[in-house]
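Given the coordinates of chain R, work out where chain S should sit on it, guided by the hints.
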Amino acid sequence: MSSSQQYGILLVTGMKTHQENYANFFVEDPRCKIIAVTDEANIPQKRLNWNKQLAEELNVPYIIDLNEALKLDEVDIVSVCSEHERRGRVTIKCAEAGKHVYIDKPMTCRLIDAHQVVEAVENHGVYSQVFSFIHYPWVRQAKSVVESGEIGDLLSIHFDVMFAKGYPGTAPLDSPRKETPYPQRFTFTECKRELHTTGVYAIGAIRWIADSEISQVFCITSNYFFAEHARNDVEDFAVMALNLKSGVTATIGCGRIGYTSHPAGGPNKITLIGSKASVLVDSQKPRITVCSNEPPWTPPPVDPEDPMCFWQSTQNQAGSRPKNNWVPIKPVNDNVKNDASWFIDYIESGKPSDMTAKDGAATVEVLMAGYLSAAKSKIISLPLPRH
Amino acid sequence: MHSLYETVKEILESRRVGDPVFVRCNAHVALENENVSIVLARILSMASSWLEATPMQVYAQIDHNLRQISTTVRYTDGQTAIVTVSTVYSKTSLDLMVLGNKGALYHDAAAIAPGFDIMAEPIPIPDWLMDALNQSIRDGEPAYIEEVMDIE
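The listed protein sequences derive, respectively, from chains R and S.
If you read the first sequence in the working numbering, its first letter stands for residue 126, the second for the next number, and so on.
If you read the second sequence in the working numbering, its first letter stands for residue -14, the second for the next number, and so on.
What the hints contain is simulated information worked out from the structure, not anything from laboratory work.
Careful: at least some of the hints might be erroneous.
Claimed, not checked - Here are the computed distance ranges between Cβ atoms for each label pair:
{"no.": "1", "chain 1": "R", "residue 1": "I413", "chain 2": "S", "residue 2": "G125", "range": "38 to 48 Å"}
{"no.": "2", "chain 1": "R", "residue 1": "K501", "chain 2": "S", "residue 2": "S(-12)", "range": "31 to 41 Å"}
{"no.": "3", "chain 1": "S", "residue 1": "K76", "chain 2": "R", "residue 2": "I413", "range": "21 to 31 Å"}
{"no.": "4", "chain 1": "S", "residue 1": "D124", "chain 2": "R", "residue 2": "E182", "range": "53 to 63 Å"}
Beta carbons: idealized from backbone N, C-alpha and C, even for Gly.
Chain R with its partners taken away, still in its complex shape (with noise of 0.2 Å):
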């Protein structure tokens, strides 16, 4: 820790990705204090604007290039938001720093890369957490009621988390998808694959929920909503069927499924089915649903940067209201911790975040299994070949 006696932060890579939110975390949490945005010093100019804008709605200093950033003493841990692609690089190079990191997901694209950032993190003794859903209330309410045995024998979990947001009915649904077996690229500015963005909460969670891993991998990805996807020849939904070591089945739905299929952010829910019985938790339940003469939601407008409205700064641009027939009943103890705040919890207590590198490293794994056997149409069995 700094002399300061708080957590010194250093950001990786700023507005439109996901910083926009973890910088907020660690705003949120008074045992932490930002010290500035950097990133590396190569990244194209519109990176490097956006990463400026972060800094300057912070207030803090923008360091041009991370190596220089990392020689600071005052930063204890690193918050990696980089693109998904140099994910992987820039986590390494913060781990061997000595410095501990909060990564967003997915960690790496390829699976040598989340090998090669779980070696950096444990050859060089940091804490690491990967964002996730696990330390969301609901998520961590299904793991309570399989730890407390009310279902008996956990049999299988049922996961949907899709987001409603960008505007559906514009994929041509002439042909099925073909899947490519080692997919390269996953994000653009108008899209990003979203078995990778979205499925990897799911994959997260019911690891941790069933607290096994998986072994076997079916996969389908589609294209069924959004042109930019297809444009781009990246899916914008996926469904997963999966099998876990303790016996465990699982099925994911997931993806993106447009502003209009959803009253709110979209189905986010976990079916649970026990040897005595079943429980189904439901990020929006319980609820009040409220009707009223008040002009009826409508989705913002089309935001040429981020067609999707990835982006809470987009949200915020475009002054759009969030959807709120939905008002979902506060706990009696309303002391949520954001996910951020947690990473430094397990920090403080010496133990390792429930959502590691490593956990990161797995998650990656049954992804990468995930687009082979969409590509093949058949299960793939883990773990991968190394090579």
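Quick look at chain S alone, frame taken from chain R:
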């Protein structure tokens, strides 16, 4: 008696949600004379009708005590479905989501009509679907409908 099948079918035929592309159904049933595979095949038949598509590949996962079965289905025109049936719940419930390419419809698990009986829904189960399900259960691999039909 209410027919969930026909109600969903009518909504989908109105094209309010565009072209149907995905069905997710988690059903909990108190079984007496039927087994989980037959109930699952009935719901899959409903899903196929809603999607106006023919299954191409069926992957079934079942627990060794036959208390729950899940099936992941790829359809010939690219649609997909995940259907799960479990018998461990004392009260019938059916959580349903049908995604269209422009919208979606949802049926809450707890909203089931009194007296609802999946097996009373007016939809037949093709023999080849049962054969494909049984083949996938037996082999632990996805079954191709075309291969099952060739064997017949």
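Hint-by-hint comparison with the structure:
Taking 38 to 48 Å as the suggested C-beta distance range, the pair I413 of chain R and G125 of chain S conforms, at roughly 45 Å. Range check, K501 of chain R to S(-12) of chain S: Cβ separation about 39 Å, and the 31 to 41 Å hint holds. In this structure, K76 of chain S and I413 of chain R meet the distance hint of 21 to 31 Å, their C-beta atoms being roughly 25 Å apart. Under the hint 53 to 63 Å, the C-beta atoms of D124 of chain S and E182 of chain R, about 57 Å apart, fit the expected range.
Checked against the numbered hints listed earlier, the structure breaks none of them; every hint is satisfied.
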